[in-house]
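Engineer: For reference, the chains in residue letters:
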Amino acid sequence: QVQLQESGPGLVKPSETLSLTCTVSGGSVINNNWWSWVRQPPGKGLEWIGEIYLSGSTNYNPSLKSRVTISMDKSKNQFSLNLNSVTAADTAVYYCARLVVVPFPNGFDLWGQGALVTVS
Amino acid sequence: QSALTQPASVSGSPGQSINISCTGTSGDIGAYNLVSWYQQHPGRAPKFIMFEVNKRPAGISGRFSGSKSGDTASLTITGLQPEDEADYYCCSYAPGSLSLFGGGTKLTVL
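Protein chains in written order, with my numbering: chain A, 1 to 120; chain R, 1 to 110.
Calculated directly from the structure, the hints in this document are not laboratory data.
It should be emphasised that the depicted structure is a prediction, and the values quoted were computed from it without experimental measurement.
Please note that a few of the clues may not be correct.
Simulated restraints, written as ranges between beta carbons of each label pair [claimed, not checked]:
1. R/Ser-9 to A/Ser-63: 36 to 42 Å
2. R/Pro-57 to A/Ser-66: 30 to 36 Å
3. A/Leu-54 to R/Pro-95: 18 to 24 Å
4. R/Gly-62 to A/Ser-25: 29 to 35 Å
5. A/Ser-28 to R/Thr-25: 16 to 22 Å
6. A/Gly-8 to R/Ala-8: 16 to 22 Å
7. R/Gly-103 to A/Gln-5: 24 to 30 Å
8. A/Ser-85 to R/Ser-17: 20 to 26 Å
9. R/Gly-62 to A/Ser-75: 38 to 44 Å
10. R/Ser-11 to A/Lys-65: 45 to 51 Å
11. R/Thr-25 to A/Pro-9: 35 to 41 Å
12. R/Gly-70 to A/Pro-103: 43 to 49 Å
13. R/Ser-17 to A/Ser-66: 22 to 28 Å
14. R/Leu-110 to A/Ser-25: 28 to 34 Å
For glycine and all other residues, C-beta sits at the position ideal for the given N, C-alpha and C.
Throw the hints in and build the complete structure from the sequences for me.
Structural biologist: In structure tokens:
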């Protein structure tokens with residue numbers, strides 16, 4: 001079955017760039033889904049960050065758009081998140097997730113286990 | 001786009017039914033039947049439990065049901081069980097291909 005796994009540094013300094021990668025196993029990123037990032041600050045709710053399609057098309061949360069880049073490496077079956085100019089407010093558990101679109105966005109049916117990133 | 005509005009907490013006794021509301025606007029929940037719900041236990045990733053307002057993914061108990069009226073969607077859980085105690089989040093599609101989450105509701109099974 002398809003599984004998602006986040007990886008990357010758990011500690012990032014303020015003003016630097018947060019970089020995470022999501023590896024898709026048991027399936028391919030080359031299909032009719034949008035691959036997404038969602039974050040959750042400690043003790044708080046979920047916040048959608050953005051998503052990427054196999055064509056390279058992206059959608060971003062307007063509140064983060066100026067700082068976010070999501071990319072895909074089809075050869076490695078991975079997609080990645082870069083968030084620049086981070087502050088303590090970006091400390092969160094970052095999840096990668098699969099957004100099912102058949103043909104409309106139905107929801108995030110598959111999630112990684114999450115990666116805690118602390119900005120300090 | 002603002003987050004969707006959910007009650008901070010709800011509670012119920014085993015066997016009872018509870019309802020969690022999720023209020024948006026005429027531009028998101030009111031405009032599309034693309035509301036999904038997630039259950040999250042402490043320290044775990046969210047779990048997909050409802051899509052397109054009232055459709056359950058495979059393997060999700062029939063005790064979970066969804067509905068929508070106007071700009072408000074609702075999740076109902078009947079026959080409450082101790083393992084239902086968790087945080088619940090709604091999510092809606094919004095114009096511009098955005099996804100909006102609610103602030104989350106903590107369900108306590110008394």
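Engineer: Evaluate each hint against the coordinates.
Structural biologist: Evaluation of the provided hints:
Hint check: R/Ser-9 to A/Ser-63, Cβ distance near 26 Å, so the stated range 36 to 42 Å is violated. Look at R/Pro-57 against A/Ser-66: about 35 Å separates their beta carbons, and that is inside 30 to 36 Å. Evaluation of the 18 to 24 Å hint for A/Leu-54 and R/Pro-95 yields a pass: the beta carbon distance comes to about 23 Å. For R/Gly-62 paired with A/Ser-25, a C-beta distance near 31 Å keeps the hint of 29 to 35 Å intact.
A hinted range of 16 to 22 Å for the beta carbons of A/Ser-28 and R/Thr-25 is inconsistent with their spacing of about 36 Å. In this structure, A/Gly-8 and R/Ala-8 break the distance hint of 16 to 22 Å, their C-beta atoms being roughly 32 Å apart. For R/Gly-103 paired with A/Gln-5, a C-beta distance near 28 Å keeps the hint of 24 to 30 Å intact. Here the CB-CB span from A/Ser-85 to R/Ser-17 is close to 47 Å, at odds with the stated 20 to 26 Å.
Between R/Gly-62 and A/Ser-75 the beta carbons are some 43 Å apart, a value that agrees with the proposed interval 38 to 44 Å. The hint said 45 to 51 Å for the Cβ distance between R/Ser-11 and A/Lys-65, and at roughly 38 Å that hint is violated. Here the CB-CB span from R/Thr-25 to A/Pro-9 is close to 38 Å, well matched to the stated 35 to 41 Å. Taking 43 to 49 Å as the suggested C-beta distance range, the pair R/Gly-70 and A/Pro-103 does not conform, at roughly 25 Å.
Restraint check, R/Ser-17 to A/Ser-66: a C-beta distance of roughly 44 Å breaks the suggested window 22 to 28 Å. Separation of R/Leu-110 from A/Ser-25 is about 40 Å and departs from the stated range, judged on CB atoms against 28 to 34 Å.
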